[in-house]
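Go by the hints and put chain W onto chain P.
Chain by chain, the residues:
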Amino acid sequence: MEKLFKQINQTIMAELQTGEHLGLNFGGEESTFTRINAAKVRQIGNVDEADLGFNLILNSRRTTGSISLSGDLDEDLIRARGELERLRVEVVQLPEDPYLVIPDSNATSHSDKHGKLPEADAIPEILLPAMGDVDLTGIWASGRVYQGSANSAGGYHWFASDSFSLDYSLITPSEKMVKATYAGSEWDQAAYEAFLADSLTKLELMSLPPKKIEPGDYRTFIASAGVSDILSMFSWGGVSEAAIRQSESCLGKMRNENVKLSALFNFSEDFSTGFTPRFNGNGEVAPEITCLIDNGELTNTLVSTRTAKEYGVESNFASEGEGLRAPSMAAGSLKESDVLEALGTGVYLSNLHYLNWSDMIGGRITGMTRYACFWVEDGKIVAPIENMRFDDSVYSFLGENLELVTEKQHVNPDVGTYDGRELSAIVCPGILLKSFSLTL
Amino acid sequence: MDLQAILSGIDVRADWVGLRYVKENTGFRLVRDGKPEANTRESKQGVMVEVLVNGQFAYYGTSRLDKRGVQAAAEKAVTLATAASKYSLHSFGTDARPVAKGSYSSPFQTAADAFSPGELSNLLVKATEELKVSDKVVTTNAMARTVETESHFVASNGSDVDQKYLMVSADYSAIAHDGSVTQKRTDGGLLAKSYQAGMEVFNEADVLARCRNIGNEAVELLTAEECPTGTMDLVLAPDQMMLQIHESVGHALEIDRILGDERNYAGWSFVRLDDFGKLQYGSSLMNITFDPYVENQFASYAYDDGGLKAEKEFLIKDGLLIRGLGGKESQIRSGLDGVANFRASSWNRAPIDRMANLNLEPGTSTEAEIIASVEKGVFMTSNRSWSIDDYRNKFQFGCEYGKLIENGKLTKTVKNPNYRAISNPFWRSLKMLGNRDTFEIYGTPFCGKGEPNQVIRVGHASPLCLFGDVEIFGGA
Chain P
0 MEKLFKQINQ TIMAELQTGE HLGLNFGGEE STFTRINAAK VRQIGNVDEA
50 DLGFNLILNS RRTTGSISLS GDLDEDLIRA RGELERLRVE VVQLPEDPYL
100 VIPDSNATSH SDKHGKLPEA DAIPEILLPA MGDVDLTGIW ASGRVYQGSA
150 NSAGGYHWFA SDSFSLDYSL ITPSEKMVKA TYAGSEWDQA AYEAFLADSL
200 TKLELMSLPP KKIEPGDYRT FIASAGVSDI LSMFSWGGVS EAAIRQSESC
250 LGKMRNENVK LSALFNFSED FSTGFTPRFN GNGEVAPEIT CLIDNGELTN
300 TLVSTRTAKE YGVESNFASE GEGLRAPSMA AGSLKESDVL EALGTGVYLS
350 NLHYLNWSDM IGGRITGMTR YACFWVEDGK IVAPIENMRF DDSVYSFLGE
400 NLELVTEKQH VNPDVGTYDG RELSAIVCPG ILLKSFSLTL
Chain W
0 MDLQAILSGI DVRADWVGLR YVKENTGFRL VRDGKPEANT RESKQGVMVE
50 VLVNGQFAYY GTSRLDKRGV QAAAEKAVTL ATAASKYSLH SFGTDARPVA
100 KGSYSSPFQT AADAFSPGEL SNLLVKATEE LKVSDKVVTT NAMARTVETE
150 SHFVASNGSD VDQKYLMVSA DYSAIAHDGS VTQKRTDGGL LAKSYQAGME
200 VFNEADVLAR CRNIGNEAVE LLTAEECPTG TMDLVLAPDQ MMLQIHESVG
250 HALEIDRILG DERNYAGWSF VRLDDFGKLQ YGSSLMNITF DPYVENQFAS
300 YAYDDGGLKA EKEFLIKDGL LIRGLGGKES QIRSGLDGVA NFRASSWNRA
350 PIDRMANLNL EPGTSTEAEI IASVEKGVFM TSNRSWSIDD YRNKFQFGCE
400 YGKLIENGKL TKTVKNPNYR AISNPFWRSL KMLGNRDTFE IYGTPFCGKG
450 EPNQVIRVGH ASPLCLFGDV EIFGGA
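Line order of the protein sequences matches chains P and W.
Position 349 of the first sequence, counted from 1, bears residue number 348 in numbering that gives the first Met the number 0, the numbering being contiguous throughout.
Position 91 of the second sequence, counted from 1, bears residue number 90 in numbering that gives the first Met the number 0, the numbering being contiguous throughout.
Fair warning: there could be bad hints in the mix.
Said to hold, decoys possible - Here are the simulated distance ranges between beta carbons: (1) P:L207 - W:E368: 47 to 55 Å; (2) P:Q92 - W:K66: 37 to 45 Å; (3) P:A189 - W:G276: 43 to 51 Å.
Said to hold, decoys possible - With a Cα cut of at most 27 Å, we get these calculated DSSO-like pairs of lysine-lysine: (4) W:K22 - W:K100; (5) P:K2 - W:K43; (6) P:K259 - W:K414; (7) W:K66 - P:K5; (8) P:K407 - P:K201; (9) P:K379 - P:K433; (10) W:K22 - P:K2; (11) W:K85 - P:K178; (12) P:K259 - P:K433; (13) P:K252 - W:K135; (14) W:K85 - P:K115; (15) W:K125 - W:K135; (16) P:K379 - P:K407; (17) P:K115 - P:K39; (18) W:K414 - W:K135; (19) P:K2 - W:K66; (20) W:K135 - P:K308; (21) W:K308 - W:K100; (22) W:K22 - P:K5.
I should point out that these hints are in silico values taken from the structure, not numbers from a laboratory.
Backbone N, C-alpha and C fix where the C-beta goes; we use that ideal spot for every residue, glycine too.
For reference, chain W alone in the conformation it holds in the complex:
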């Protein structure tokens, strides 16, 4: 559709008008125990019309894509903005929507249509066969998710941004059962292997090798000891650090959350506006970046949905909190520096502050050095349980698979490993940070936030990490 032509035809009295067209095709295939469970494609398209009137933004999302439909939506949005402007939380100017011109395309080697539905289904069937390493494996699942998105944003200030994404997620899981013991192993946590990439992610030899390992570890957990209870060292693999960064750093640093927008839903934050530049968030090893340009990371892009150009920024430098996760609206409201993270889940939602690629930068320690430094501790990998309070303080996370660390060596496998702590003290207990060899990239399609609710993709990358004196415990 010619969005510029539709924009130029809109006739309303507004200080700014923006149109964001999004078309997204989400394919999902799931095979369980060698049989097809789901082969589906969801195709969504529509236009989000936004206007600014009397300092108040209002929106109208419509799936009518012709000039008349968009004009009608713009008129209704103007009516809403006018009515609401008497009660605005903040009176915005046009500087809340910077002029943006540019484009972005996801990097990939093999296009989405290079694999036929039949070929991909057959690979997933093989994957479930490979996962079933013994009769004790009672359920196997293999899933593939592909998302192709076109986003075109134009506005009355001349903005014109065209962004195209190809995103691929996959997961393979085995449930093993023996007697009264049941254990599940996945490929690094549910859909943690989510990337901006192409179908090269489905390299058969690599997929089947991973599946054999997943099946073997599920069976191994059946006879593993329960994770010990006590306060000790904790080594977290990058696939669990993804969740750790997301919950105890990312959400806490969202400026709209700090400003209270989210208090009725996900909550507030222990971080306050005057903490920026002052709060020692973690140990001096901790460097957190907002980095929209990591190759193949899941939430890379060039511009956010308000038109702000995305740049790499340090949020936490040497453990000190210096910058928040806030787009232009939050930057104006708070007076703080932020990043280009004003994002909407689709055409039918207005943008809010979201994480994108939020990463813990690597340190200098090798994996061997980290393990050797631990006298008594537990190594945990692959998230399976997550919960944190509404201020992002008290968290409890569980993993699929653990290993005891005794006198500097990985020893027995342990099942049901969990830990709980409070965000700031936990990050201040970061004792060693893995080097780039231990650094791994993950992502998830499922970060929920906002009212009305929005689920959006985020990316997180981290090295291996060692935390000291953490409360660790096992299962029921």
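Bound conformation, chain P alone:
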């Protein structure tokens, strides 16, 4: 794939005309998917695809486009030249863009990670026998993912990575569920079977009779997977500088009214894990670590070069949408073995579901509890709870009601596949809250 990208890049860049600036972005994957229901194969298949994005700038005007690539150089050069011509016809018709960013970074990088992945036709045989007769539903995804970026200033980046993930739910006959994700780049059959066996152990806890709890405010522990759902909300009306400037951010109060979260809350963009590339669509390379919230204070936001130009601030080379690419919340002091004792009596939430801003500007999020969630009394799990709706503000549960943070960060891989297989992960600990509002 890199050879194809390089050849197209060299050819197209050589054909640019005076005054034209061009950025090219490559995205591709060779993926195997196996959808599982009741520990059987529901759907199975492969997808090979590659796309080439164009960012053409001419005379203070900009237009973008993308095309599917076939993998055949001759055919793809025809498509690429056709797209460039279409963009040339369009760009002169558009209004001037005062905030456009001419790709001028000549930085280069190269990362090509190879793993050990099972062959596509071996996947049913390696996955399913170990599941036995448990009701397991989930999705296997594996294969190689590619990202590339090049521009007319000579910048060039390439990132390729092998990975697999089995994201699954285990379900009891009474419809209680446990969620888990086994992911990596080096397949290890014994490790997979041990991981699955551990999940089955957790499922046993769900066989206790469920407890129905009433709406109200409860002492609550949210495990790392649930915290990752909350943190992902900061990509949508959160840490984006543009969103704050345009009054579409839950963190506007922190900027404009000097409101602070708990000093226990430390949040950053941290690429040191290496899950995702540091370069963005303009070929700019973000700092390895950008501290966003330090001891509860908003210290930085994600700033794209476009936003920097519009508002006269410094870019930290965020993506154009200024979403989180490598979110990381710092660990605290609470030992995981002490969580139940520290919770005392209250609610233990393993996972959350379907979060949305119920009042973005007020920082209020609603969503559901899901999977292994328990009622705890005097530091002991008493029963799984029936799922509850919550509706509470980050200024409350990450503010005055944040009591403790666990001392271990967990890696929560993004197994999303809407726009192709995601590479990122949210790294975060669990949180103990003095109060959390359950509403329905």
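What follows is chain W alone, placed relative to chain P:
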């Protein structure tokens, strides 16, 4: 490309082979505060090769469109199907892919290329100027999205279906700010105005009039009272009913979901297989149809991606659940009647059960009669927040704009209106249903489901509705 010729050249040992070629051009233009933010076009094309071997379907999506590429994809799909057939959830026969021959084209008056990029950009710039009705409007956005899709499906059983779509979505929004209060108003919810139509949707006089109203209502909300808290009557506009139908009826009735396919992602359903024909889903006023032939509705089509011919069907009749949202595979697995809704988001995904046009049929009440019947309640319009549990029971939805209803009259504007309820009791509390004069058509390009994930377009239409004794509340 000559898909039939490629199909006839495929040499594999399979009980059925299907090819679905999709080419889709998605144009998107966004202007913020009079300046261009995005002018882009995404062009995607590829072929989904599906085979049936030993009762197991397998697929291979490839962007290589020549004979050799498709042949290679078919061979790999056969290998996968053979390997998986030992562990099949269900052993299918060829009846899962009916023979289909036909075509479909979206209705439109003005073709997509009738507006040049410059003309459309200029209209969007004007729209943002019109949205800024005062200095308190701090951000304005105008966006236009056009999608042109060609889908050609051929199969070894003789199926040959050619469908062409032109889809247009637009949205205009204003954010107003004063002191510590910020309010946003859109054109009926983000991209709710999504249709199978042409560029006639961008009639300048109509667009600019709507923008003035949006700007004015955003400013009006700055000084509005907070929505009251309490249990009272709720009148929902059709643009919010779109979301209400989608989340608390549509997803709950997807048969693949009821069969458990989705339990690791979006969830299960409170509806069970033996509820069909028995469950009183809502009040007797409730009639829900799957209707793929509503003029200009966003998810109209003639055949689904498995080759099943689309027909209008009642899913809920007089409040009684009678039919599910399931394509041929789900109908075979469940033994239930379904509809032609086995759809894929593009060439690179396999079909699953999706909503298409799912509508609440109109009743007999006028808007005036509905409002006059309410002693104390809230009218809400334009969705801004949505969340529902994995069984499609406990939901909480929020709207952009509300009006108090007091003693049969619309009175004060209220901000941050929200409500929460549980699906069946909520629909059973449907007290009055607007007539055809109150009936409006909406859609969204963004319905997410499935593993691997797929986002697909759906359409929903509804009259004005009155629900009794709903838990209503305001903002933070």
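Hints versus structure:
1. P:L207 - W:E368: 47 to 55 Å: For E368 (chain W) against L207 (chain P), whose Cβ atoms are near 52 Å apart, the range 47 to 55 Å holds.
2. P:Q92 - W:K66: 37 to 45 Å: holds, 39 Å
3. P:A189 - W:G276: 43 to 51 Å: With Cβ atoms ~50 Å apart, the hint holds.
4. W:K22 - W:K100: Roughly 20 Å separates the two Cα atoms, so the pair holds.
5. P:K2 - W:K43: holds, 21 Å
6. P:K259 - W:K414: holds, 26 Å
7. W:K66 - P:K5: Within the cut-off at roughly 26 Å; holds.
8. P:K407 - P:K201: holds, 19 Å
9. P:K379 - P:K433: holds, 17 Å
10. W:K22 - P:K2: Holds, at about 26 Å.
11. W:K85 - P:K178: holds, 26 Å
12. P:K259 - P:K433: holds, 17 Å
13. P:K252 - W:K135: Holds: K252 (chain P) and K135 (chain W) sit about 18 Å apart, inside 27 Å.
14. W:K85 - P:K115: holds, 25 Å
15. W:K125 - W:K135: holds, 18 Å
16. P:K379 - P:K407: The hint holds at about 21 Å.
17. P:K115 - P:K39: holds, 24 Å
18. W:K414 - W:K135: holds, 16 Å
19. P:K2 - W:K66: Measuring from Cα to Cα gives roughly 23 Å; hence the hint holds.
20. W:K135 - P:K308: holds, 24 Å
21. W:K308 - W:K100: holds, 9 Å
22. W:K22 - P:K5: Measuring from Cα to Cα gives roughly 25 Å; hence the hint holds.
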